[in-house]
Amino acid sequence: MQAANLMLLVIAFIVVAYGLGYARSRSLAMPLGGIRHLKSLPFYYGARAALWCGIPALVVLGLWAAFQGKVIQTLVVGSLPPEMIPASPGEASLLLSKISNVASGALPSNFVEAPIAEAADRLQALREQSRLYMSILVVAVAVLAGFLGWIRIRPRLNARSQVETTLKWIFFSCAALAILTTLGIIFSVAFETVRFFHKISFLEFFFGTQWSPQTALRADQVAAEGAFGMVPLFTGTLLISAIAMLVAVPVGLLSAIYLSEYANKKVRGIVKPLLEMLAGIPTVVYGFFAALTVAPFISNLADSIGIDASSQSALAAGGVMGIMIIPFVSSLSDDVINAVPQTLRDGSLALGATQSETMKKVIFPAALPGIMGGVLLACSRAIGETMIVVMAAGLAANLTANPLDSVTTVTVQIVTLLTGDQEFDSAKTLAAFALGAMLFLATLVLNIVALKIVRKYREQYD
Amino acid sequence: MNTMNTTVTSETDMPEEKTIPVADEQPAEAKIEEGTTVGHPFSDDPKFKLRNVEVFYGEDRAIKNISLDIGRNEVIAFIGPSGCGKSTFLRCLNRMNDSIDICRVKGGLELDDEDIYDSRRDVVELRARVGMVFQKPNPFPKSIYDNVAYGPRIHGLANRKSDLDDIVENSLRKAGLWEEVKDRLDATATGMSGGQQQRLCIARAIAVSPEVVLMDEPCSALDPIATARVEELIAELSESYTIVIVTHSMQQAARVSNRTAYFHLGHLVEVNETSKVFTSPEHPLTESYITGRFG
Chain Y
1 MQAANLMLLV
11 IAFIVVAYGL
21 GYARSRSLAM
31 PLGGIRHLKS
41 LPFYYGARAA
51 LWCGIPALVV
61 LGLWAAFQGK
71 VIQTLVVGSL
81 PPEMIPASPG
91 EASLLLSKIS
101 NVASGALPSN
111 FVEAPIAEAA
121 DRLQALREQS
131 RLYMSILVVA
141 VAVLAGFLGW
151 IRIRPRLNAR
161 SQVETTLKWI
171 FFSCAALAIL
181 TTLGIIFSVA
191 FETVRFFHKI
201 SFLEFFFGTQ
211 WSPQTALRAD
221 QVAAEGAFGM
231 VPLFTGTLLI
241 SAIAMLVAVP
251 VGLLSAIYLS
261 EYANKKVRGI
271 VKPLLEMLAG
281 IPTVVYGFFA
291 ALTVAPFISN
301 LADSIGIDAS
311 SQSALAAGGV
321 MGIMIIPFVS
331 SLSDDVINAV
341 PQTLRDGSLA
351 LGATQSETMK
361 KVIFPAALPG
371 IMGGVLLACS
381 RAIGETMIVV
391 MAAGLAANLT
401 ANPLDSVTTV
411 TVQIVTLLTG
421 DQEFDSAKTL
431 AAFALGAMLF
441 LATLVLNIVA
451 LKIVRKYREQ
461 YD
Chain H
1 MNTMNTTVTS
11 ETDMPEEKTI
21 PVADEQPAEA
31 KIEEGTTVGH
41 PFSDDPKFKL
51 RNVEVFYGED
61 RAIKNISLDI
71 GRNEVIAFIG
81 PSGCGKSTFL
91 RCLNRMNDSI
101 DICRVKGGLE
111 LDDEDIYDSR
121 RDVVELRARV
131 GMVFQKPNPF
141 PKSIYDNVAY
151 GPRIHGLANR
161 KSDLDDIVEN
171 SLRKAGLWEE
181 VKDRLDATAT
191 GMSGGQQQRL
201 CIARAIAVSP
211 EVVLMDEPCS
221 ALDPIATARV
231 EELIAELSES
241 YTIVIVTHSM
251 QQAARVSNRT
261 AYFHLGHLVE
271 VNETSKVFTS
281 PEHPLTESYI
291 TGRFG
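So the sequences go chain by chain: Y and H. Here full-length UniProt numbering is used: the first residue of the first sequence is 1, the next is one more, and so on. Here full-length UniProt numbering is used: the first residue of the second sequence is 1, the next is one more, and so on.
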């Protein structure tokens, strides 16, 4: 049976186990004088039986599905005649894909050597066996464990605390999954980064002002040596992020102040969701808006007043990105401004302060740490943003502070390094990981600082 | 048992008509004629002259046709059961109700014969003259010094730093807080105890030299010792300011005020010398309240 079908079957078992557990607890309780003589509600006995039935079966199913491929491969390769046993991992995977192609019928068996055809047959047989064993084992585990869980239902059994403990661990593993994924990403990026630094020196990467990663793919190819200085990329990122923040912070902050202090309920009810909608527009839409509307407009405008402007400018990308992150600033700021207690407003107004004095001198300083947190979060969003920059800012790694010039950013270079033909262990590809690691570190630091600030702010009124 | 029941019923089922019957035992007297207040609501030398004041929250009439004078340099206490409108009425006196969208105020309210609710009136100037202290201490999350200096700064009361220092010191001295905080004026005000915070708020209010100080249950969040300290302070301040204090504590009203006004469901039932209100109230509702039959 296929794993997916088996899963459905297990779910059916779980439902049945729940029903049986529920019924058994009730039937045990009735002679005692009703369900109040049970330690827990019947629901918990049912849930306990369902957990007993489902968890071991699903664990077995998961483990089997995870390891069967590897085990079968080892068996198949092991049964090959000694002269065909592959020497390197690369050869092995080539051989295995050949075998599985034959097995699936994509490659006729008379096209390949006899041992391979045999191996393909063996693979096919092993797969079917594996499927059969898996089905039997999973069903057996589900039935057996479910039965054990069911038979051990007693009125004195505290099913509720057991179910709640189990659920707590299930929730914990969900949370752990997110953390493990993050760790996995960090490690894979870190390893590749280390490999990159075997090829390119720290000094060149951190202090080089040239970025041209096009190295030769083959020995006979005519190409540049390749230069991996990240300085122009990070200045590009900083320039575009700075332009974005210059747009987003004042506009976002002032609109937050308007919404929280001046707008009446009706206006607020309309404007706030509309503003937040800006965050919901896909970045690729912003990207072509920047590339096709804003960038030509800026370049024409600059030409008309006699300034030389590139058709792809940092200003266009940064400006549009700024509009995109306005809701980050405005929404978070609005929340923290609203969190400032009304008593502070009253206190200031009662002293004869005007609304704007109250805003400037009491509410804004009190909300400032929270606003800073929002701004830093928006900033890390701006640094990590890719699509708008790919479309509107260009690919030329210019080391410049002129917003009308075309620049490129770290994220854009990662995209171009990893799309298209590539050799996996070349400096060019590995550079993407090194850049990713730097970017990750930068946004991580920003996020930590932002969270620290936000947390500090939270303590203030407690 | 019977009287208990009728009292409770009369409180919960109060109709919004002009007359409100209370306990059966006092059928004739226990009525409120709208717009009439027993005792002495008027004063020869009024600071505030309030005539036929009505306050609406949307459709709700929270204050029903109240007329009252508040005399110069007197301490008047507003008492009454929760929801009777005493805080709402207090907040009319410096237009703090303005920030509530649905709130409308009608009638004649005059401070020194000038209309408080005149559309040309500068509310900033009004609030500089009529200061307010709130129920919960609400120091700004700034230093002690900056809290007191806040008002003088926004009103431009000090030309030099030394003037400002003097104002801050004087205000803190008047609030009886100077000795406790003179060495840590730069410390943040939110780190003080509740009683200190409330006295700081009083210092902050008097730093702009108001003529009137409104106090909305200033001691309800304080312990008895801090309360005693604030009450002493009110007694000292009454020499130079007109004070209007809302309180739930009848002992407090008795201790600090010259006159006491009893509010009931938006009506001003009785205003009299404090000693008279607490010894021989004229109105049966006042008597019921101060003897603890409801409230």
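Rather than coming from a laboratory, the hints here were simulated on the basis of the structure. Built from N, CA and C at the ideal position, the CB exists for glycine as well. Fair warning: there could be bad hints in the mix.
[To be verified] Chain H residues, not near chain Y, derived (Cβ > 12 Å throughout):
#1 Arg127
#2 Asp183
#3 Arg204
[As the list claims (entries may be wrong)] Where chain Y lies over chain H, by a calculated footprint (3+ residues, C-beta under 8 Å):
#4 96 to 107
#5 138 to 145
| What are the numbers of the hints the structure violates, in ascending order? | 1, 3
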